[in-house]
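Listed below, chain by chain, are the residues.
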Amino acid sequence: MRAIFSLLYKEISYHRVYPLDLVSLAISPFFIVAPFVFVAKAHAENLQLSVSLGLIAWYWLSMFFWGVGYGVRDEMEEGVIESLLATPASVIELLAAKAIDTLLINLYITIALVILLWLLAGVSFHLNWIKFFLLFMASNFALASLSFVYAAFVLVARQASFAGNLFQEAVGILSGMTAPVSVLPKAVRWLSMLIPLTYAIEGARKVAVGQFPYSEMAILFAFGGVLLLSGVLLVKKAEHYVRLTGTTGEY
Amino acid sequence: MIECEALTKTYTVREKPSFFSRGVERKIAALREVSFSISAGEMVGLLGPNGAGKTTLLKILSTLLVPDSGRAAIEGVDVLRFPRMVRQKIGLVLPSERSLYWKLTAQENLQLFGGLYNLPSRKARERSEFLLKTVGLSEFSHVPVEKFSTGMRKRLMIARALLHEPRLLILDEPSSGLDVQGKREIWSLLKDLATQQGVTLLLATHDMEEAETVPERLLIIHQGKIRAYGSPSEIKALSGNHGWLFIDLPGTYSENRVKLPKGLFLDSIQSVDGGSRLCIRISSSYDLPQLLRIFPDATRVERREVSLADAFLTITGERFEDTDTVEEEEI
Chain G
1 MRAIFSLLYK EISYHRVYPL DLVSLAISPF FIVAPFVFVA KAHAENLQLS VSLGLIAWYW
61 LSMFFWGVGY GVRDEMEEGV IESLLATPAS VIELLAAKAI DTLLINLYIT IALVILLWLL
121 AGVSFHLNWI KFFLLFMASN FALASLSFVY AAFVLVARQA SFAGNLFQEA VGILSGMTAP
181 VSVLPKAVRW LSMLIPLTYA IEGARKVAVG QFPYSEMAIL FAFGGVLLLS GVLLVKKAEH
241 YVRLTGTTGE Y
Chain U
1 MIECEALTKT YTVREKPSFF SRGVERKIAA LREVSFSISA GEMVGLLGPN GAGKTTLLKI
61 LSTLLVPDSG RAAIEGVDVL RFPRMVRQKI GLVLPSERSL YWKLTAQENL QLFGGLYNLP
121 SRKARERSEF LLKTVGLSEF SHVPVEKFST GMRKRLMIAR ALLHEPRLLI LDEPSSGLDV
181 QGKREIWSLL KDLATQQGVT LLLATHDMEE AETVPERLLI IHQGKIRAYG SPSEIKALSG
241 NHGWLFIDLP GTYSENRVKL PKGLFLDSIQ SVDGGSRLCI RISSSYDLPQ LLRIFPDATR
301 VERREVSLAD AFLTITGERF EDTDTVEEEE I
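Heads up: the sequence lines are chains G and U, in that order. Counted from 1, the first sequence has number 104 at position 104 by our numbering; the numbering is strictly sequential. Counted from 1, the second sequence has number 32 at position 32 by our numbering; the numbering is strictly sequential.
For reference, chain U alone in the conformation it holds in the complex (with noise of 0.2 Å):
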């Protein structure tokens, strides 16, 4: 369904220009040579900090952008070569809920939108029609767009993204600006349509549980390039991060006094709660019994699961927040 090979993309911006200078160019690498490809019925993330790349990968595939170097191709379609009927095959979800004409009804977006992809009047009216029962706003049809809620629009511009019933689903940050139960809402009706229409979805994000409730596997994106590529479970293992044991014992101990035999654990261990409490970061050979031998007197062993973010944070060794992607290069 997708196939990208060596995709490059370099920013050129200007700082402190003036009237009487252009300032100074910096380059920005927003994407280095990144390969993937994604099977069709597939629900894949894309996980990555704000500037990792994602926005740019997503935008080079809708053929928004056109990359510096590299090859993408949507089912067999190259992107550069023809764009149209690329954009054809592709539905499209922006992260701004501007990207609606909010002077318009529901409707009229949609059939503005379905004559855009070359649909017959008729078929439009009622893809429309499907498409905002589906997306539960046939309610709601002949409202103005400015009246709707964060939600509403964005369950819009789902609809609007699959009026030519496209195969494909490219979606940027589909529940940025919503509260828990809007996002929740948004993500089953991905999930449906991934599973009840076969549509092959594409979703950046930044949000763990997104990441996590969403996608089958997930691509990390990090400084432009793709770190690993898996289910979230595999990437969790991936990262060879398996977890922690908070170990409550009675006293106060320093992490420092603490011999852990080599290959039973990680080496990673720190006393929290003032001392009265070890984090010990356990890998696959974790061996409870033995480690119960070590501290006897332990009044309460607890286990936490490795989350997304903690395996996030191994694999880049960057903590997950925004950061800047790149290297920069005065010319």
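If we strip away everything but chain G, and leave its shape as in the complex, we get (with noise of 0.2 Å):
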């Protein structure tokens, strides 16, 4: 545990060196989300905030991707990976840090996305907060671990960006990102079951209608455990390798 908060410590501590990325952190997104609920406000004002809330979901998939996926990938770019990886410290502690400053990170950019979506979109949020909170949470958790399988990907083929970029973009569709999953072709439906992000979506959007989402937060437990285990062998495997190979200090 102190390995992690030390790790931890770090990581908020390059935010402070670096203030402006905490700035762009909070106004960035919201030009992503921005089109999104305004052309979903030109066809019905209620469809504005269930895609509010499935963009929002989605940025959380898309920081563990790149805070925790490529984790790894920045200290080797850093160039501090060999000394982290000479210590009795572990790469999955390591992971485990960027995963806390990622949930953080992500709590940051929900509440200035709700704020901003809110002043400048018009977007209502008349949500549950201690609901959506514990969804926040159970999400955040599902798809941490799924960033931990990616980052034994990215631990092993090093420039893996191509695939991040469009594994997030089709999970994000097939996920109900901005459309339903029962707008999908059937074909492809299946996948979306599969796909932890859909159950965050489908959560936030039953706190929107005052619901408590019981299954999908069960199911993101669920998911979060297998993967967190599944993620934790890879990665360790991953890692095994990459000592084996001498391609530690590579990117």
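Everything labelled a hint here was simulated from the structure, so no lab data went into it. Take these hints with a grain of salt, some might be off.
[Said to hold, decoys possible] Quick list of in silico lysine-lysine cross-link-like pairs, DSSO-like style, CA-CA up to 30 Å:
| hint | chain 1 | residue 1 | chain 2 | residue 2 |
| --- | --- | --- | --- | --- |
| 1 | U | K225 | U | K16 |
| 2 | G | K237 | U | K16 |
| 3 | U | K27 | G | K237 |
| 4 | U | K89 | G | K237 |
| 5 | U | K103 | G | K236 |
| 6 | G | K186 | G | K41 |
| 7 | U | K133 | U | K89 |
| 8 | U | K103 | U | K133 |
| 9 | G | K236 | U | K89 |
| 10 | U | K133 | U | K123 |
| 11 | U | K27 | U | K16 |
| 12 | G | K41 | G | K206 |
| 13 | U | K123 | U | K103 |
| 14 | U | K191 | U | K147 |
| 15 | U | K191 | U | K123 |
| 16 | U | K27 | U | K225 |
| 17 | U | K191 | U | K133 |
| 18 | G | K236 | U | K27 |
[To be verified] Quick look at which bits of chain G chain U covers, simulated, 3 or more residues with Cβ under 8 Å:
| hint | segment |
| --- | --- |
| 19 | 2 to 8 |
| 20 | 80 to 88 |
| 21 | 241 to 247 |
[Stated by the list, open to error] Some chain U residues well away from chain G (every beta-carbon gap over 10 Å; in silico):
| hint | residue |
| --- | --- |
| 22 | E42 |
| 23 | M43 |
| 24 | E129 |
| 25 | S138 |
| 26 | K147 |
| 27 | E165 |
| 28 | R184 |
| 29 | D192 |
| 30 | M208 |
| 31 | P232 |
| 32 | S283 |
| 33 | Q290 |
| 34 | E302 |
| 35 | G317 |
Using N, Cα and C, we set each Cβ at its ideal position, and we do this for glycine too.
Bring the two chains, given one by one in their own frames, into a single complex with the hints.
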């Protein structure tokens, strides 16, 4: 745990070093989300909240992919990965610290997006915020676990940005980011069921209509558990592979 | 302290990979059945040209790399079976100054790595302050590393490697990229650490001056094999080369005209400076009075000691410069 807290402190220190990045993280998601929200508004006023929640949840996934999935590569680029691997701390602890940091960033982005969408796009977030926060935690657990699996892939492939972008876009569409899963072609709907983001978005939309998303949260925790276990095993295998091939310092 | 038995490591590289082909696979042997042992408290230099296998060996000992075969142990702990335990026993100084977080301060870097070595926060802070003082950086503890000179970064890397009080310090080219003054500061620091704190040092270098200054004993590594092991003077003696004599003569001489008694000198003789000077490689049985009887008109005789680079040349049969290690085989 001491290693995780030390690494988390490092991540937070880097936000202090680059304060403008924090400003950008608060503002730039709005410009990505806003066009979809305005299109929704043009068609039906009540669609705005549904689309906003879908896009906010998709942003969580995106942040985990970049923060945790590419976490090891970031340390490789910095030049410190071999120093880290030479300590008793593991790659899993490094990724765990990045996952906690990303969770905090996601909370920050979500608050900023809700305020900006309300102020600039007129979206009314009539939500039970406690229910929404619980769903946020369940979703972030599942998505962080998914990003561990992706981190194992990046550790071996190193340059995997193309796959990351493709995967995020595809997952966004399949999980009902803008339009509900029910409008997707039947042939691909089964894929949606295999993506944790689908349940995060569905759960958020349930919270918006006053329901508690019990089943979605249960599925998200189950996904999170299985993916975390798989991710940890895959990262360990990938770590052994890079120690075997001598590519620890390469990216 | 360190025991290695038949360590072997081969890298696989692909040449000219393209979208349609995975390219030609080549095997590069970096270490070939390397065996040696180092006792606690020793200062040992691993000397060899670039590509000799030094870094590969250090990476295996520090658990960054898994060997193909063989065994290595630090204080009796197997590096393959118990890597975490081994990491707690060693401090590693890598050659790249980028191996620090440049945006963090010196103190923050040490505090972070203290946590990674499982030191309680208070102890990490105390050790950081002590080590920053030891390496002469206490005035700069709150300065970001990006503002440091190369020498300061190297010293900080040594401080970081000592945070958890390891008994073994592994250093890969610790003075690379430094000027003469910077190198001497690092060498003096390393010697102090070894003598005052009893830390065992294993230092890889291709710098002859560093190899003669810091370590007590040298491991000569070449093309993935250990070629010699001993103190710098033992290595020089082992090479069978005992130095040169330069004899100034009136007029010009050709080396072909001079016949040296067998057994007195080695057979290497060369005329230099347009024939006005002879250079003779001498053996241990060299005898100056007898030499002067052969060259009664010599105006000046100068003896030049054999250098470590000369000894290296004799032992490995190659010049001390960058060489590719390795035999390649297409698969």
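Under the constraints set out in the numbered hints, which ones does this structure not fulfil? none
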